[in-house]
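K.L.:
Each chain is listed here by its residues.
There are 2 protein chains.
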Amino acid sequence: MYDVIIIGGAAAALTAAIYSSRRAMKTLIIAKSIGGQAAMTDVIENYPGFLSVGGIPLMNKMLKQATKSGAEINFEEVNSIDEISKKNEKSIFNVKTTAGSKYKTKTVILAYGKTPRTLDVPGEGKFGAKGVSYCVTCDGPLFNGKNVAVVGGGNSALEGAEYLSKICPKVYLVHRRDAFRGFEYLVKEVKSRKNIEILYNSAVKEIKGGNSVQSIVVEDFAKGGTKEILVSGVFVEIGSVTKTEFIKQLVKLDQIGQVITNNYAETFYPDSEKIRPGIFAAGDLTQTPFKQIVVSAGEGCIVADWVSKKKK
Amino acid sequence: MYDVIIIGGAAAALTAAIYSSRRAMKTLIIAKSIGGQAAMTDVIENYPGFLSVGGIPLMNKMLKQATKSGAEINFEEVNSIDEISKKNEKSIFNVKTTAGSKYKTKTVILAYGKTPRTLDVPGEGKFGAKGVSYCVTCDGPLFNGKNVAVVGGGNSALEGAEYLSKICPKVYLVHRRDAFRGFEYLVKEVKSRKNIEILYNSAVKEIKGGNSVQSIVVEDFAKGGTKEILVSGVFVEIGSVTKTEFIKQLVKLDQIGQVITNNYAETFYPDSEKIRPGIFAAGDLTQTPFKQIVVSAGEGCIVADWVSKKKK
Numbered sequence: 001m002y003d004v005i006i007i008g009g010a011a012a013a014l015t016a017a018i019y020s021s022r023r024a025m026k027t028l029i030i031a032k033s034i035g036g037q038a039a040m041t042d043v044i045e046n047y048p049g050f051l052s053v054g055g056i057p058l059m060n061k062m063l064k065q066a067t068k069s070g071a072e073i074n075f076e077e078v079n080s081i082d083e084i085s086k087k088n089e090k091s092i093f094n095v096k097t098t099a100g101s102k103y104k105t106k107t108v109i110l111a112y113g114k115t116p117r118t119l120d121v122p123g124e125g126k127f128g129a130k131g132v133s134y135c136v137t138c139d140g141p142l143f144n145g146k147n148v149a150v151v152g153g154g155n156s157a158l159e160g161a162e163y164l165s166k167i168c169p170k171v172y173l174v175h176r177r178d179a180f181r182g183f184e185y186l187v188k189e190v191k192s193r194k195n196i197e198i199l200y201n202s203a204v205k206e207i208k209g210g211n212s213v214q215s216i217v218v219e220d221f222a223k224g225g226t227k228e229i230l231v232s233g234v235f236v237e238i239g240s241v242t243k244t245e246f247i248k249q250l251v252k253l254d255q256i257g258q259v260i261t262n263n264y265a266e267t268f269y270p271d272s273e274k275i276r277p278g279i280f281a282a283g284d285l286t287q288t289p290f291k292q293i294v295v296s297a298g299e300g301c302i303v304a305d306w307v308s309k310k311k312k
Numbered sequence: 001m002y003d004v005i006i007i008g009g010a011a012a013a014l015t016a017a018i019y020s021s022r023r024a025m026k027t028l029i030i031a032k033s034i035g036g037q038a039a040m041t042d043v044i045e046n047y048p049g050f051l052s053v054g055g056i057p058l059m060n061k062m063l064k065q066a067t068k069s070g071a072e073i074n075f076e077e078v079n080s081i082d083e084i085s086k087k088n089e090k091s092i093f094n095v096k097t098t099a100g101s102k103y104k105t106k107t108v109i110l111a112y113g114k115t116p117r118t119l120d121v122p123g124e125g126k127f128g129a130k131g132v133s134y135c136v137t138c139d140g141p142l143f144n145g146k147n148v149a150v151v152g153g154g155n156s157a158l159e160g161a162e163y164l165s166k167i168c169p170k171v172y173l174v175h176r177r178d179a180f181r182g183f184e185y186l187v188k189e190v191k192s193r194k195n196i197e198i199l200y201n202s203a204v205k206e207i208k209g210g211n212s213v214q215s216i217v218v219e220d221f222a223k224g225g226t227k228e229i230l231v232s233g234v235f236v237e238i239g240s241v242t243k244t245e246f247i248k249q250l251v252k253l254d255q256i257g258q259v260i261t262n263n264y265a266e267t268f269y270p271d272s273e274k275i276r277p278g279i280f281a282a283g284d285l286t287q288t289p290f291k292q293i294v295v296s297a298g299e300g301c302i303v304a305d306w307v308s309k310k311k312k
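The listed protein sequences correspond, in order, to chains W and V.
Numbered by my numbering, the letters in the first sequence go through residues 1 to 312 in order.
Numbered by my numbering, the letters in the second sequence go through residues 1 to 312 in order.
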């Protein structure tokens, strides 16, 4: 029987594990892999404490802190959580994985983040941390002085293009449709920038390069045909997916599948204002508008701190 | 004219500066010193990314990140903030310091934390990071297996004593009064622990030692006289002070002087539900119940992210 099972392997989950194990709670981390979106980033310059650090080394350091304090980790994928009994008004949960393992726990922390949508085109995987990025906020400054492309038509893509236009000579904004889905002021701003070239009705078909990205092949649906554009970076800003389908019976989700929480990282029963005892959530799978490593880490601390207080 | 002036020199302030300067906002940090409460800690083991790091080195790394991205820093003490004009519905503030400097800015981020109350007894300063601590959560695990004293009678002192009783052979709880001011369940828990010795009506008069703390001299007000008790650590948990008197005309404070904020780190007008444009707050001087470095850093990120979005 664990005091807490933490599902996820990146900043929110690992920080929660550091704090819960230091509070002498029996802690198990269940994660498919370590690092989440942070692991897709080669150079992180905005995590406080490091002038520059790789995503994978940073996440491995957090893991080491957690295991040093006594947290266990199993590399598996959780596919069900069931409330099996109540004892003195406290819930007990059964957590099962696709590999067939079963674990009992008094509390569950959901902290497995989001997965960015990918383009699924040749070259995207190959240039993973070598010019292809899924986060302008994280990686934008590394492309200072270089030509780049942003793919997408929502606020993230528009904000990304606007920011990059300040530090890059030329920004190509590649969008599948003929109009944007973002805020009007952002659309206006992007259209007013002389060094942003908008490619409407267009999609990236291939990403090419040597050691890193050198060009993209773009198809124009309206006019027909493709052209190759020289860029050093491609920012894919087409949204992300929260895999919360399997917990929708347990906790309240918003329209895009994010877990709804209060300031104390507590969750709610589905279609209810009532707090769901025993299940907590932190990091990018919640509604936080600030999807940054240090924000997730802060939330991981808050959730573990609160779980340890509630336990008493 | 600055885009943002950040008041404070620890995790919340420096992280805000990292993010605001990376967003190409003209940023000035004004701080009396670097590090805040973190700088009082010799060994930090719960900041994610470092198995062990000194408080001062960690804070200096954050400062370096901020200045590398373009943030400026002046070591001064702010003593007034005035709204001097509104331009297109946006405020402009005059920030003055005790040294007589004046700075103009479009936004202000309040992030100068809290100051722990001290005992003001001989030895307290000398053994600053050598056995005297103001945070059980931060430093408790470093005293595993050692005898310690906790000073105070509120929830922090009680929680601290309860936690330490699990990892230390003997815990002395020194309290000025004959009853506690904490939660009933905590008081019960502390009284039930056999290795916690409660010294009521008592105060620490001196902290003694060689290279680090070796004993405390405790006076008993009720019985009279003093005795010396051998301990390796003294945790002073007698509350902290938020110096917000000089901004009470500007923003809404709670009963103990903490700045009230919403989820976006925005402040409110005094005695009002109306958001105060241009003034934001993050970290320990707000109402967050989680006074940890990584939580403050996360809040510093949120505030800077939001300021940069609001600016547009």
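Where hints are given, some of them may not hold.
Since the list gives no way to pick one copy over another, a pair counts as held whenever it fits inside one copy or between any two copies.
Pairs of lysine-lysine, DSBU-like flavour, derived with a Cα cap of 30 Å [what the hints assert, rightly or not]:
no.	residue 1	residue 2
1	K166	K309
2	K146	K68
3	K188	K86
4	K205	K90
5	K252	K223
6	K61	K170
7	K146	K311
8	K208	K104
9	K309	K188
10	K191	K86
11	K227	K102
12	K104	K227
13	K102	K146
14	K86	K291
15	K248	K32
16	K166	K61
17	K86	K170
18	K194	K68
19	K166	K208
20	K205	K274
21	K310	K194
22	K252	K291
23	K291	K61
24	K194	K130
25	K102	K191
26	K205	K227
27	K26	K227
28	K309	K252
By construction, these hints were calculated from the structure, which means they are not laboratory data.
K.L.:
Look at each hint and say if it fits the structure.
P.N.:
Verification of the supplied hints:
{"no.": "1", "hint": "K166 <-> K309", "verdict": "between (46 Å within a copy, 15 Å between copies)"}
{"no.": "2", "hint": "K146 <-> K68", "verdict": "between (42 Å within a copy, 20 Å between copies)"}
{"no.": "3", "hint": "K188 <-> K86", "verdict": "between (56 Å within a copy, 25 Å between copies)"}
{"no.": "4", "hint": "K205 <-> K90", "verdict": "neither (53 Å within a copy, 44 Å between copies)"}
{"no.": "5", "hint": "K252 <-> K223", "verdict": "neither (45 Å within a copy, 58 Å between copies)"}
{"no.": "6", "hint": "K61 <-> K170", "verdict": "neither (37 Å within a copy, 33 Å between copies)"}
{"no.": "7", "hint": "K146 <-> K311", "verdict": "between (52 Å within a copy, 26 Å between copies)"}
{"no.": "8", "hint": "K208 <-> K104", "verdict": "neither (48 Å within a copy, 48 Å between copies)"}
{"no.": "9", "hint": "K309 <-> K188", "verdict": "between (49 Å within a copy, 15 Å between copies)"}
{"no.": "10", "hint": "K191 <-> K86", "verdict": "between (58 Å within a copy, 29 Å between copies)"}
{"no.": "11", "hint": "K227 <-> K102", "verdict": "neither (52 Å within a copy, 55 Å between copies)"}
{"no.": "12", "hint": "K104 <-> K227", "verdict": "neither (56 Å within a copy, 49 Å between copies)"}
{"no.": "13", "hint": "K102 <-> K146", "verdict": "neither (50 Å within a copy, 38 Å between copies)"}
{"no.": "14", "hint": "K86 <-> K291", "verdict": "neither (35 Å within a copy, 32 Å between copies)"}
{"no.": "15", "hint": "K248 <-> K32", "verdict": "within (20 Å within a copy, 49 Å between copies)"}
{"no.": "16", "hint": "K166 <-> K61", "verdict": "between (34 Å within a copy, 27 Å between copies)"}
{"no.": "17", "hint": "K86 <-> K170", "verdict": "neither (60 Å within a copy, 35 Å between copies)"}
{"no.": "18", "hint": "K194 <-> K68", "verdict": "between (53 Å within a copy, 29 Å between copies)"}
{"no.": "19", "hint": "K166 <-> K208", "verdict": "within (25 Å within a copy, 58 Å between copies)"}
{"no.": "20", "hint": "K205 <-> K274", "verdict": "neither (47 Å within a copy, 49 Å between copies)"}
{"no.": "21", "hint": "K310 <-> K194", "verdict": "between (55 Å within a copy, 23 Å between copies)"}
{"no.": "22", "hint": "K252 <-> K291", "verdict": "both (20 Å within a copy, 28 Å between copies)"}
{"no.": "23", "hint": "K291 <-> K61", "verdict": "both (20 Å within a copy, 22 Å between copies)"}
{"no.": "24", "hint": "K194 <-> K130", "verdict": "within (27 Å within a copy, 59 Å between copies)"}
{"no.": "25", "hint": "K102 <-> K191", "verdict": "neither (54 Å within a copy, 38 Å between copies)"}
{"no.": "26", "hint": "K205 <-> K227", "verdict": "within (10 Å within a copy, 80 Å between copies)"}
{"no.": "27", "hint": "K26 <-> K227", "verdict": "neither (57 Å within a copy, 39 Å between copies)"}
{"no.": "28", "hint": "K309 <-> K252", "verdict": "both (23 Å within a copy, 28 Å between copies)"}
Checked against the numbered hints listed earlier, the structure breaks hints 4, 5, 6, 8, 11, 12, 13, 14, 17, 20, 25, 27; every other hint is satisfied.
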